[in-house]
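Listed below are the residues making up each chain.
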Amino acid sequence: MNENAVEVRNLHVRYDRVIALDGVDFDLPRGTAMGVVGPNGSGKSTLLKTVAGLIKPSDGTVRVQGVAPQKLPPGTIGYVPQIEDVDWTFPVSVRDVVNMGRYPRTGPFRRFSAHDRRAVARAIDALDLGTLADRHISELSGGQQQRVFVARAIAQEPLLLLLDEPTTGVDAATEDALLHLVRGLVADGLPVLMTTHDLDRAPEWFDRLLVVDRRVLADGRPENVLESGAYAGIREHTHTHGHKR
Amino acid sequence: MIQVLLAPFELDFMQRAFLAALVVGGLCSTLGTYVVLRKLSFIGDGLAHASFAGIVIAYLRGGSFWIGAAIATIVTALGIGFVHRRANVSLDTAIGVLFTGAFALGIFLMSRSTRATLDLQSFLFGNILGVSPNDLALVVGLGVIVAVVVGALWRPLLYTSFDRVVAQAAGIQERFVDDALLVVLALTIIVSLQLVGIVLVAALLVTPAAAAAQLTKRFIPMMLLSAGFGIFSAVGGLYASYQLQASSGATIVLLATLLFFASLGVKALRTRVVR
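Residue numbers (the working numbering), protein chains in the order written: chain V, 1 to 245; chain C, 1 to 275.
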């Protein structure tokens, strides 16, 4: 078995005429938390969606566990998008949403196994949602909503976790809880790929940091990447090309 | 008095009609939960109208109306999914384009035909009293198929209805689930045509589920409540139509509509009490 959970080679993604990613290469080894930073419009979310198999590469390849993401067995990738574009009046409680994490692995006509129920209970505990479990999703704060969607991804017991700016717009307590959770999962061997805007805390979160602006500008230990000034460089350079298509 | 009340149950054709109403009311309102949650209210109307092309073609060529309706409706259902993905238009738009096209094809073919015009009335408004033993067997058979498909796919259907993108990333085959729902909807609509007709079938899909949504914030209770409302409307409406000597389809839909407003009233009362 390959030691890399994710291998991205020469990845290009174009939307009509807009180039979102223009030749991205990197590897994500198992048991590694990799942060992805870059200015708005740099293709960070596109990168996550492509690794999740939601967008097909225009060119190049993405391999997760050695195969194309679309060909993975159900339940392999846990994905938490940046903005959950769901109908908040949908008739589901917090527990119902976390239960969905088990659905990809639950065959037709099967009831939840003891293992399914344990995975859900653990995820609810890990995100401290116990007292909210029977609430309707419309009765939650922004931070609580974010925790529910992370809990669903954890309950899935994925082999790769993709988090798209999970700390944007959440309270400090939620952010700390997420940090603690991610570090624990990574210590257990789970690979995590996560986008963020928070450079200051990158060394706490990640083992590796990828600076992306349609291509990879830097890839290494967070301290080294931040010291190298690779990010400061693109910030200025964004102002000049950011509005161009 | 009692004899008058029980009279409808003593007639063979009424017994068949009640059984058909039970199955159709339950099926439509159960699937209707997904239709309402996916905001596809338009689809019932669309697929029902699309069946008309198949009915006319079957009539002109002397084939079975059921088979004609089934082919036209399923082809339209899958066509809607295809156009939605290929032409990159909203599902509502795809439905609007295809069902009017299919309905127009039916009218076009009929207007050119020199044969006596089809008894349109019974297709547009239903003819539940004309349910033959064969029709009933077909309704029950299709009902079993639909129930098995929903039993197998209720979880992926729920997940993709709520959060399509994440379900897809997690490996749920969302296109297969969508197409399965469309085909099952098509089958359900066909068996419903005889009960309520093309014009009113959409109400049986949407109204009971919309009523249930007023009373609960959980999915399974909503589905069960919707099924209860659907069965009550179909069976109760059929009974009332017999006693009132009114159109069965219209009476059924009116009863469902009444239940919807009653649910709305109960919800309003509840929120006032809570406040």
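Think of the hints as simulated: they come from the structure by calculation, not from any bench. Take the hints with a grain of salt, since some may be wrong.
According to the in silico footprint, chain C covers these stretches of chain V (three or more CB under 8 Å from chain C) [to be verified]: (1) 19–26; (2) 30–41; (3) 82–90; (4) 141–147; (5) 190–203.
Result set (SDA-like, lysine to any residue): computed pairs, CA atoms no more than 20 Å apart in a straight line [to be verified]: (6) V:56 <-> C:266; (7) C:217 <-> V:108; (8) C:267 <-> V:86; (9) V:56 <-> C:88; (10) C:217 <-> V:45; (11) C:39 <-> V:89; (12) V:71 <-> C:174; (13) V:56 <-> C:174; (14) C:39 <-> V:86; (15) C:39 <-> V:138; (16) C:217 <-> V:133; (17) C:267 <-> C:215; (18) V:56 <-> C:215; (19) V:56 <-> C:39; (20) C:217 <-> V:90; (21) V:71 <-> C:176.
The beta carbon of each residue, even a glycine, is placed where N, CA and C say it ideally should be.
inquiry  = So if I understand the rule, the pair passes when the alpha-carbon distance is 20 Å or less; does residue 39 (chain C) with residue 89 (chain V) pass?
reply    = Roughly 12 Å separates the two Cα atoms, so the pair holds.
request  = Decide if the proposed pair is consistent with the structure: residue 267 (chain C) and residue 215 (chain C), CA atoms, cutoff 20 Å inclusive.
outcome  = Holds - the C-alpha atoms of residue 215 (chain C) and residue 267 (chain C) are around 6 Å apart, at most 20 Å.
request  = With a cut-off of 20 Å on the C-alpha distance, tell me whether residue 217 (chain C) and residue 90 (chain V) pass.
outcome  = holds (7 Å)
key: Holds or violated: residue 56 (chain V) to residue 174 (chain C), with C-alpha atoms at most 20 Å apart   = With a Cα-Cα distance of about 16 Å, the restraint between residue 56 (chain V) and residue 174 (chain C) holds, given a limit of 20 Å.
ask   = Does residue 71 (chain V) pair with residue 174 (chain C) here, judged by a C-alpha cut-off of 20 Å?
value = holds (14 Å)
inquiry  = Run the distance test for residue 56 (chain V) versus residue 215 (chain C): straight-line Cα separation, threshold 20 Å.
reply    = Given pair residue 56 (chain V), residue 215 (chain C) is violated - Cα atoms ~42 Å apart, limit 20 Å.
request  = Starting from residue 217 (chain C), check that the Cα of residue 45 (chain V) is at most 20 Å away, please.
outcome  = violated (32 Å)
request  = Verify the coverage statement for the stretch 141–147 of chain V against chain C, using a C-beta to C-beta distance below 8 Å and requiring 3 or more qualifying residues.
outcome  = violated (count 0)
inquiry  = Under 8 Å between beta-carbons, do enough residues of the stretch 190–203 of chain V, three at least, approach chain C for the coverage claim to hold?
reply    = violated (count 0)
request  = Would you check the hint for residue 56 (chain V) and residue 39 (chain C), treating anything up to 20 Å between C-alpha atoms as holding?
outcome  = Violated, at about 28 Å.
inquiry  = Verify this for me: three or more residues of the stretch 19–26 of chain V with a beta carbon less than 8 Å from a beta carbon of chain C.
reply    = violated (count 0)
Distance restraint between residue 56 (chain V) and residue 88 (chain C), which requires alpha-carbon spacing of 20 Å or less = Given that 20 Å is the threshold and the Cα spacing comes to 16 Å, the pair holds.
Violated hints, listed in ascending order, are 1, 2, 4, 5, 6, 7, 8, 10, 18, 19; each of the other numbered hints is respected by the structure.
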